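Trainee: Single-letter residue listing:
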Amino acid sequence: MIEIRDLHKSFADKKVLRGVNLIIEPGQTTTIIGGSGSGKSVLFKHVIGLMKPDSGSIFVEGEDITKMSESELYRMVDKFGMVFQSGALFDSLSVGANVAFGIKNRKDMDAAAIDLIIERSLNQVGLSDIAQLLPAELSGGMKKRVAIARVIAKEPAIIMFDEPTTGLDPIMADMINELIIKVSADPAITSIVITHDMISAYKISDKIAVLFEGEIIETGSPEEIRNTKNAVVRQFIEGKAEGPIKIR
Amino acid sequence: MRADKIKQPLSSFARKSGEIFILTAKAIALIFKRPFNFRLIESHLYLDGIKSIPVIFLMAVFTGGVLALQSYYGLQRFGAEVFTGSLVGVSLTKELIPVLTGLMLAGRVSASYSAEIGTMVVTEQVDALFTFGVNPVKYLVSPRLIALVIMTPLLTLFGDFVAIMGGRLVAALVVHQNPNLFDSQLFVSLEIWDVLSGLIKSVFFGLTIAVIGSYFGLKTEGGAKGVGRATTTAVVVSSVIILVSDFFWTKILPFSLR
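First to last, the sequence lines map onto chains A and B.
Going by the numbering used here, the letters in the first sequence line up with residues 1 to 248, in that order.
Going by the numbering used here, the letters in the second sequence line up with residues 1001 to 1258, in that order.
Mixed in with the good hints, there may be bad ones.
[Said to hold, decoys possible] No more than 25 Å apart at the CA atoms, straight line, and that leaves these computed lysine to aspartate or glutamate pairs for DMTMM-like:
no., chain 1, residue 1, chain 2, residue 2
1, A, K143, A, D108
2, A, K45, B, E1095
3, B, K1225, B, E1116
4, A, K67, B, E1042
5, B, K1033, A, E224
6, A, K104, A, D78
7, B, K1219, A, E72
8, A, K67, A, D78
9, A, K104, A, E72
10, A, K143, B, E1019
11, A, K182, A, E61
12, A, K52, B, E1042
13, B, K1033, A, E72
14, B, K1016, B, E1221
15, A, K52, B, E1221
16, A, K104, B, E1042
[Stated by the list, open to error] Across the chosen pairs, the derived CB separations fall in these ranges:
no., chain 1, residue 1, chain 2, residue 2, range
17, A, D78, B, K1026, 33 to 39 Å
18, A, A136, B, R1034, 29 to 35 Å
19, B, A1029, A, A185, 21 to 27 Å
20, A, D54, B, R1015, 55 to 61 Å
21, B, K1026, A, K104, 18 to 24 Å
22, B, Q1070, A, A111, 54 to 60 Å
If you are wondering where the hints come from, they were derived from the structure by calculation, not from laboratory data.
All values derive from a computational prediction rather than experimental measurement.
Ideal Cβ positions, reconstructed from N, Cα and C, are used throughout, including at glycine.
Let the hints inform the model, and build the full structure from the sequences given.
Mentor: Below you can see the structure in the form of structure tokens.
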């Protein structure tokens, strides 16, 4: 379980997180939705230890990662896998080397076992015969799928997806949604997704949390969020320009 | 208001100096921590060292040539042109080639480090390294530091040799000085410490280029514009540090003012 307690973060005078409280249940897919600039990415970076909060705590399986030393964080991050919005594939390495990146230093694996994992992971995301290509030779959708394969190969307990469908055509976006559902079907895997794509959020989530102006203002199942009475949440999920959310 | 205008750049300078010092210490400490990535070091030795040979060759051969030419005519005013070989040899190995090699590498390598690492930062590849339990300083900075600390003195030594040969060639072909005279004066004056003082400085220059290029790369913000800004800053800062520190190295090294 991941528990975020009263998390605050500011950059200069700008308060980005204003006391986030959220519980992410193990084995479930929790999606955090919110508009651009609502603090979703900043919250994500805190959960994986890439940022330190000004105050508040994040407990991952009972351990507060905000109090961890650098070496403890590197141990903790082994439990995580993150699919970045841009894919963040290492552009100097081939697709195969990218997929193998998280496992290449494992002493219990020889080259043949690593090759097998590369092939299996790429097959799982519907790709084959591309291990020798460089990321620059891939389309946007392929990059996202390779990024997912790279995380699958590592076999983490917690997978984080940062805007997984942003910038993709509707068919490719649905393919990514199906992949997330497939990967998250394993009860040992906890998935956390941030998105502003409501089609994706309804389809893949067990629980949706709405982040607005640095606070979680509502949580619930996709059905509960769909039927919410909260005017801010309604405006966001219905995608209306008019309403309590002021566009700056 | 006026105090703030002075205080702000000073505190920024102090903070950045501290961060650069910490990055250097971390990069050196992480060299000795497993896993050792020899493939990365090998790749930087080739890309940043071996591939710099043509540019160092050109710089050295023309620097040696022009120094021989200027020295010959300058010394001729006092009837001392016989000492051209001495002047060329000592000034090239002690000062000119170490500093110019440093500046050439600052332009070529420091720029490429900051651009490459900066692009990795803005495309979240550095964050991705962390999520795979890989320390970005160990993966990105330490191999570059090792490669340049090895290659800068080697390139300086190569530059010394090429520059002296360039000077000798110009002395013989342009001002028609007897090459034997050039050689005899060179070997009478040039001491092993002259070459060594240049090489010791070049080790520090290599470290400076690697750390400064990596530091400004890691600090990149704001997309393509940020990468451009980081690259320019890395070249300017590493060049300035090379020029300023050269003076202090000359004062500090016990045999460099003999």
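Trainee: When the structure is checked against the list of hints, which entries are broken? Sort them ascending.
Mentor: Hint check: 1, 2, 4, 5, 10, 12, 17, 19, 20 fail, others pass.
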